[in-house]
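S.K.: Here's the letter readout for the chains.
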Amino acid sequence: MAVVSAPRDVSAPPATPSRSPAPRRRRAGAARRRAGMLMVAPAFLHALIWIGIPVIAAFVLSFTDYDVLTQPRFNGIQNYVDALSDPVFRRGMVNTLVYAFFTVPVAMGIALLIALMLDTQLRARALFRTAVFIPQVTATIAVALVWLWIYDPRSGLLNAVLGFFGIPAQNWLSSTTWAMPSVIAVGIWQGIGLKMLIYLAALQSLPKDVYEAASVDGASKTRQFFSITLPLLKPATFFVFVTSVISAFQAFDLIYILTDGGPANTTTMMTYEIYKSAFREFRVGYACAQSIILFVFLLLLTLANRRLNGGDSGRH
Amino acid sequence: MAGIDLTATSPRTTLDVVGRSPASRRRLSRAALYVILSVIAAVMVVPFVWMVLTSLKTPTDIAASPPTFLPTEWAWSNYADALAAAPFLTYARNSLVIAVSHTAINLLIASMAGYALARLRFRGSELVFLGFVAALMIPTYTKIIPEFLIVRFMPLFGGNDILGQGGTGWLDTWWALIVPGAVTPFAVFLFRQFYLDLPVELEEAARLDGVSELGIWGRIMTPLVKPAFITVALLTFESSWNNFLWPLLVTRTDSMRVIQVGLSVFRTENDTQWAFLMAGTTLATLPMVALFLLGQKYFVRGFANAGIK
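Which chain is which? The protein sequence lines are A and B, in order. According to our numbering, the first sequence holds residues 197 to 512 in order. According to our numbering, the second sequence holds residues 80 to 388 in order.
Possibly wrong hints are sitting among the right ones.
What the hints assert, rightly or not - With the C-beta cut set under 7 Å, the calculated list includes, among others, these residues of chain A facing chain B:
(1) Gly232
(2) Val251
(3) Phe324
(4) Ala327
(5) Ser487
Please keep in mind that the hints were generated in silico from the structure rather than gathered at the bench. Since the structure is predicted, the reported quantities are computational estimates derived from the model, not experimental observations. Ideal Cβ placement from N, Cα and C applies to all residues, glycine included.
Go ahead and model the full structure; you've got the sequences and the hints to work with.
M.R.: Okay, structure coming up:
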């Protein structure tokens with residue numbers, strides 16, 4: 197406990213004379229720096245081997261023709277030209293953007309609405325919060341299998357429920373019209389919990405006095421929402437956007453289970469094309485080029501959002 | 080409070096127009112709120128209920144069109160039969176071993192790194208931190224192919240020579256399943272945020288008392304950021320248990336499969352026996368849901384903090 201009581205002495209400037217002579221402090225500083233380096237080292241090495249080197253390798257390999265079995269052969273930007281002119285990969289890019297549009301900005305709007313509903317003195321709030329969040333902690337594979345069964349055209353729950361209201365049954369996942377919306381619905385369903393949670397936490401930390409002042413000034417609730425709440429939510433919005441975009445662009449498990457990219461490539465994603473190129477066709481160099489394109493997409497979106505939002509994820 | 084006018088779908092959304100009886104109107108919008116939230120909650124929960132109910136149905140019930148909501152006959156034996164049809168318990172054990180290893184390694188190594196980056200600045204530490212932040216941004220799919228190649232050509236493992244040729248390297252081993260995903264930049268980042276908030280006086284006092292830097296981290300500072308540890312532990316365990324693509328790529332034999340891969344293989348190999356598949360899915364889901372319910376407070380608070388900071 198001496199440790200706890202000691203700081204008071206240190207922090208009271210007039211009470212304590214010079215703390216320690218300069219040379220000793222410098223030596224202590226060197227020891228501290230050495231300890232710092234040693235403590236970062238394991239994590240740093242791990243990140244170097246399993247993130248740093250792979251990213252550089254992906255970049256280098258993207259300019260080669262490589263099939264794992266024979267030596268990589270430099271072929272310039274041929275892979276990029278091939279990828280950008282491949283109709284299926286282009287389809288994957290468009291699908292990824294569509295999927296991201298609905299599972300990020302649209303889902304964020306829904307999440308904010310739910311968070312606003314929960315940001316009141318509701319008795320069952322904890323229960324709602326739990327219900328909305330459970331899909332988030334569940335494996336996407338499990339989620340996808342359950343929804344595969346719900347979407348089952350013959351014995352699935354969805355067609356049964358819709359049939360109850362007189363709506364005709366659909367072949368949800370094998371129809372070129374409905375496959376993508378069906379996938380998106382599951383994506384929103386699974387990801388809404390985390391978005392909502394972050395918004396709810398941000399809402400609950402908003403200063404109450406600002407609203408009181410605004411009410412006194414006669415600002416309507418709607419006005420207050422747009423001129424006070426939304427701007428104050430900027431850091432949360434930025435964070436939710438960035439993390440959601442990253443996960444939306446990496447949707448894979450859902451596609452793998454639900455549609456295998458079909459029907460007729462209507463639900464294939466960039467990630468799915470990367471997987472197919474690398475691990476089904478063994479066109480490793482080509483797959484690396486596709487993965488770099490995916491990276492560039494994410495980078496541009498993050499930077500654009502940083503610009504638009506005017507802020508960053510810095511402390512509030 | 081700001082929520083009420085936005086959420087009520089009734090036309091009476093303009094609260095600034097003073098109504099006849101504010102109390103009754105508040106009660107009405109509150110009721111509407113409960114209805115909307117109940118519908119949302121149902122949409123979120125029903126798929127899980129459906130999963131469990133399906134796992135208890137007989138083949139006749141499964142084939143029924145339209146389906147009955149409750150099983151006409153509760154087939155509890157489905158679980159025993161599912162376990163006999165596929166080694167779900169082995170899959171689950173593998174997943175558990177990996178998730179526990181990932182959690183333990185991540186807590187130790189990432190907290191050490193996060194602490195050092197927050198409190199023990201050295202030349203280049205800002206750069207290292209920026210490196211971790213950059214690593215956060217890198218999509219799995221940009222690094223996964225070279226990661227696979229590193230594992231495949233790991234020298235002196237799995238029959239490989241010193242140049243990584245001739246064998247299968249780490250493929251189909253615990254090494255491949257555990258090592259590459261053991262430390263996450265996110266955990267380093269999160270720990271750093273938590274350690275940053277601790278008072279500097281504590282650290283200096285301990286140093287004057289002659290506590291080693293490692294001791295200050297382990298015995299003085301770390302007990303103060305327990306929520307960070309619980310949060311990182313839960314998030315690491317969850318993402319490890321739920322991981323699919325990496326274990327899919329690096330495992331070949333049935334005995335090395337994890338639960339998520341096992342489920343997807345069972346689906347394709349067995350012509351989708353829904354009752355068994357849903358029984359397996361229930362087994363794969365329950366541990367995570369239980370863990371979440373137990374640690375919800377930390378989970379929610381930690382995650383929200385991480386999100387706003």
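S.K.: For each hint, tell me whether it holds in the structure or not.
M.R.: Hint-by-hint comparison with the structure:
1. Gly232: holds, 3 Å
2. Val251: With a minimum Cβ separation of about 6 Å from chain B (threshold 7 Å), the hint on Val251 (chain A) holds.
3. Phe324: holds, 5 Å
4. Ala327: holds, 4 Å
5. Ser487: holds, 4 Å
Comparing the model with each earlier hint shows no violations; every hint is respected.
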